[in-house]
Every structure is written in C-alpha cells, then in structure tokens.
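Reading the sequence shown from the start, the letters are residues 10 to 302 in the numbering used here.
These are computed hints drawn from the structure, not numbers from a lab.
Treat the hints with caution; some may be incorrect.
[Claimed, not checked] DEER-style ranges, computed between Cβ atoms:
no. : residue 1 : residue 2 : range
1   : Arg-269   : Gly-107   : 26 to 36 Å
2   : Glu-160   : Asp-259   : 37 to 47 Å
3   : Arg-142   : Arg-272   : 10 to 20 Å
[To be verified] Once the Cα atoms are required to be at most 25 Å apart in a straight line, the calculated SDA-like pairs of lysine to any residue come out as:
no. : residue 1 : residue 2
4   : Lys-207   : Gly-164
5   : Lys-215   : Ala-189
6   : Lys-215   : Leu-200
7   : Lys-207   : Asp-220
8   : Lys-292   : Ala-250
9   : Lys-215   : Val-244
10  : Lys-292   : Arg-269
11  : Lys-292   : Met-64
12  : Lys-292   : Gln-221
13  : Lys-292   : Gln-85
14  : Lys-207   : His-190
15  : Lys-207   : Glu-131
16  : Lys-207   : Gly-79
17  : Lys-292   : Ser-166
18  : Lys-207   : Arg-116
19  : Lys-215   : Ala-194
20  : Lys-292   : Glu-273
21  : Lys-215   : Leu-104
22  : Lys-292   : Gly-262
23  : Lys-215   : Asp-259
24  : Lys-207   : Ser-245
All values reported here derive from a predicted model rather than from experimental measurement.
Every residue gets a Cβ at the ideal spot worked out from N, C-alpha and C, and that includes glycine.
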Amino acid sequence: MINIKLILHIDNIDIDATKSKGTERLITLNKAVAILATQWMLMSSGAWAHDYWIMPSDFDPSPGTLLEAGFTASHQFFVDEEIPNITDFRGFLVLPDGREISLPYQRIAPTNASLLAPILGEGTYTLGAVSTRPEYWSTTRSGHAPGRKRESADGISTTAYVKSVKTYVNVGQPSEAWRAHLGHAIEIVPLNNPASLKTGDSLTLKILLHDQVAAGAEVYAVYEGFESKDHEAPVSTTTDAQGQARISIDRPGLWLVYARVEREAAPDSGLDWHNDRAYLLMKVAPNGQEARP
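Given the sequences, and given the hints that come with them, work out the whole structure.
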C-alpha cells in the first residue's frame, strides 16, 4: 500500500494532515476545503465558460519519483487562472497495469490545485479528475449565478455541468493503460496512445456518455500558442454514429482536446439543460523525433 503524506498550503498556512499538535490551534482539512470552495465561488462568476486540464510538471518523469501536476480552470488555454471547485472533483491516477488509485490534493493555490502522482515504474500513466456531483449554474435576469434557478428570485434556467479531465504521460516503455474506460458520466476514450504522438500523426477517440456512444458530440482541439478569439478552437469536428472522431496533429507541443454534449433536461428534473464536458491533455513530439510505440 502506498501512503502519501498530505500537506495543504493555503495563503501561507501549512496544514499537515498527518499530525496532531495537541492543543495548538489547527485548521482542519474540511475547513480548508470550504475556504477554497467559497473563494472559488466568489472568483468564478463566469465558471460555465471555463475549460479544465491537469498539467504535469514533467512529461518525461523518472520511475521512483513523485510527479506533481496542477489541476486548473481557465478562460485562457494553457494559462492557469482559477482553482476548480475541488469539493466537486475526485483526483485519480491510472497506473501502467490499469489499476486506478485516488490522489488527494497536495497543495492548493488561487490558480490551481496540485496532485502528487507516484511514478512506480515504466508504462503509460493517466492523471485525472472527475466530477463527483454536478455543478449547477443558472441564468437570471441579472446575469449568471451558482445554484439552481429556484434559489434566485429572478432565475430563468438552470444547467447541470459534469466533467472528466485526463492527462497522459509515458514513462519509458509505454503500456496499454491508456485504453482504459473508466466509466465517467462523460469520457474521452482514446483509440491510440495520446502520449506517443508526434507531429503528423492523428488521434482517434471515442466519446462515451453514460457508457453509451455519443454520436454528434462536439469535439475541439487547441494547441499551445494558438491565439483564440471568443474562446474559439483551431480544430473542430463532431463524432460519427459510433461516437468516434479523428484529430490531425500538425505541430508539436501541448494539445488540449475537449468534447461537449449539451442536451435538454427531463421536464420533471427541475433543470433545463445538461452540459457534459470531457478533456484530454497531451504533449506531442516534434516531427522526426521517434515516438514511443
């Protein structure tokens, strides 16, 4: 069993979740998370337009190390902007043999939450975060607000948001763990290893919604350095009848692929819309550099 010491750093306050300091006054983990959740709510008046990703500190880590990765939400691609509401997300790691373990949040900052991933040996690792419950945002006559429309005097409509976030990293010789279907409410399942791509390759993927293929899902891809206007993406497509789409990779570096499925809610649900989003981050090798199999 792997024991990972959890320390949260919040506004220059260190919270050691493995110690008891007697009568010394400590902030508990639950209170710390509540503080950050409140902060997130105050900061995130436009949260429905955010995109999400997990950025590792190293895409070529060594076995026997701990890999730190930052989980963020942002209006700007590849720029850490705001900490996600981590009370609604579970961090996880898929090991090269396909086993999944949970990852606690190790450090919390205004722009991201850090996860520590144990790199135990060679293979392909998947770092991720997934919604543990929907987030509700409502359109009101005075703008957008968190929560359901019934909680506002001038609420018009409510959308429930659910997300799945993955990042793929090869350590030495790749394994087949990238194939894993994790059963998220919405999920990008790659059909070739995202961590082994080089310029000129393509990524083929399948979008699943509640374990069913999502035909007609919107799929986008953006590369680091792309200057977007109104949050546009340089690559856009939709899934076919089998829920599959293909993304052509024309340059090296970081790529974020994301999918969106928006649909009307059931009349008796108290909601108006469901908006489910899945994200996949990868680093593409330059053309001419041998990619891992």
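Hint check:
no., hint, verdict
1, Arg-269 with Gly-107: 26 to 36 Å, "holds (28 Å)"
2, Glu-160 with Asp-259: 37 to 47 Å, "holds (46 Å)"
3, Arg-142 with Arg-272: 10 to 20 Å, "holds (18 Å)"
4, Lys-207 with Gly-164, "violated (48 Å)"
5, Lys-215 with Ala-189, "holds (12 Å)"
6, Lys-215 with Leu-200, "holds (7 Å)"
7, Lys-207 with Asp-220, "violated (30 Å)"
8, Lys-292 with Ala-250, "violated (28 Å)"
9, Lys-215 with Val-244, "holds (16 Å)"
10, Lys-292 with Arg-269, "holds (21 Å)"
11, Lys-292 with Met-64, "holds (10 Å)"
12, Lys-292 with Gln-221, "violated (28 Å)"
13, Lys-292 with Gln-85, "holds (18 Å)"
14, Lys-207 with His-190, "holds (24 Å)"
15, Lys-207 with Glu-131, "holds (20 Å)"
16, Lys-207 with Gly-79, "holds (24 Å)"
17, Lys-292 with Ser-166, "violated (38 Å)"
18, Lys-207 with Arg-116, "violated (32 Å)"
19, Lys-215 with Ala-194, "holds (14 Å)"
20, Lys-292 with Glu-273, "violated (35 Å)"
21, Lys-215 with Leu-104, "holds (21 Å)"
22, Lys-292 with Gly-262, "holds (5 Å)"
23, Lys-215 with Asp-259, "holds (20 Å)"
24, Lys-207 with Ser-245, "holds (20 Å)"
In terms of the numbered hints stated before, the structure departs from hints 4, 7, 8, 12, 17, 18 and 20, listed from lowest to highest.
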